[in-house]
Amino acid sequence: MLDNLKTLHDAMIDGLRTALPDISPIDAYPRIGRKIPTPSIAVEMSEMEPGHDPGTGQTSLIGRFQARAIFDPLAPHADLAVRQLAARIACAVHAQTWDVPVTPARLVQIGDDPFKPELDAYLVWLVEWSHEFDLGDVAAPFPPAGSAVLWGVDPDTGSAPAAEYWDPAQDPSLG
Numbered sequence: 000m001l002d003n004l005k006t007l008h009d010a011m012i013d014g015l016r017t018a019l020p021d022i023s024p025i026d027a028y029p030r031i032g033r034k035i036p037t038p039s040i041a042v043e044m045s046e047m048e049p050g051h052d053p054g055t056g057q058t059s060l061i062g063r064f065q066a067r068a069i070f071d072p073l074a075p076h077a078d079l080a081v082r083q084l085a086a087r088i089a090c091a092v093h094a095q096t097w098d099v100p101v102t103p104a105r106l107v108q109i110g111d112d113p114f115k116p117e118l119d120a121y122l123v124w125l126v127e128w129s130h131e132f133d134l135g136d137v138a139a140p141f142p143p144a145g146s147a148v149l150w151g152v153d154p155d156t157g158s159a160p161a162a163e164y165w166d167p168a169q170d171p172s173l174g
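Counting in numbering that gives the first Met the number 0, the sequence shown runs from 0 upward without gaps.
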């Protein structure tokens, strides 16, 4: 069970730092200042949508995540380097679970990212992927597997008169 989104974010950042040790910084939701160290990677969750209900009382969500490969456009071969870093991020993300209970990462898109105004002075490529995960406590509404539902009529109910209970599935008069 995934306790919270911070656990997932921390695992992703640790995984990317391990897979791409030559790139620094790699951060989630970094503060974008006047000068960004390059090359760098900025990770964020861009949206969530309902997932497939696991039937456990938990909330299933599909989270869409983005990593931005950020390069100084004046660096030598920057146009190719930013694309190469985006490809490396895609390889590092592909099918990852980050050792937390999420579905393997599914790549959604990889391409130029012109949509962050604070990054206009940089070359930026976006790598986007999704994970499905369940949040919250398990609260199964039914008895555990292997349990049987038996019927009894008051006052012959409770633990003592167990012989008075019957299984409605085996009672021909109820069919």
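By construction, these hints were calculated from the structure, which means they are not laboratory data. Using N, Cα and C, we set each Cβ at its ideal position, and we do this for glycine too. A hint or two may mislead.
Estimated spans, in silico, between C-beta atoms of each pair [said to hold, decoys possible]:
#1 P103 <-> A162: 17 to 27 Å
#2 L73 <-> P53: 17 to 27 Å
#3 P100 <-> G32: 28 to 38 Å
#4 T156 <-> D136: 49 to 59 Å
#5 L73 <-> T6: 35 to 45 Å
With a straight-line Cα cutoff of 20 Å, these simulated EDC-like cross-link-like pairs (lysine to aspartate or glutamate) come out [unchecked claim]:
#6 K5 <-> D133
#7 K115 <-> D52
#8 K115 <-> E127
#9 K34 <-> D71
Hint-by-hint comparison with the structure:
Between P103 and A162 the Cβ separation comes to about 52 Å, which falls outside the hinted range of 17 to 27 Å. The hint said 17 to 27 Å for the Cβ distance between L73 and P53, and at roughly 50 Å that hint is violated. In this structure the hint that P100 and G32 lie 28 to 38 Å apart at CB holds, the actual value being about 35 Å. At roughly 31 Å, the beta-carbon separation of T156 and D136 lies outside the given 49 to 59 Å, and the hint is violated.
Our hint of 35 to 45 Å for L73 and T6 holds, since their Cβ atoms are close to 38 Å apart. At most 20 Å may separate the alpha-carbon atoms for a hinted pair to count; K5 and D133 meet this at roughly 14 Å. About 34 Å separates the Cα atoms of K115 and D52, which puts this hinted pair outside 20 Å; it is violated. This hinted pair checks out: K115 and E127 have alpha carbons roughly 15 Å apart, not beyond 20 Å.
With a C-alpha separation of about 10 Å, the suggested pair K34 and D71 falls inside the 20 Å cut-off, and the hint holds.
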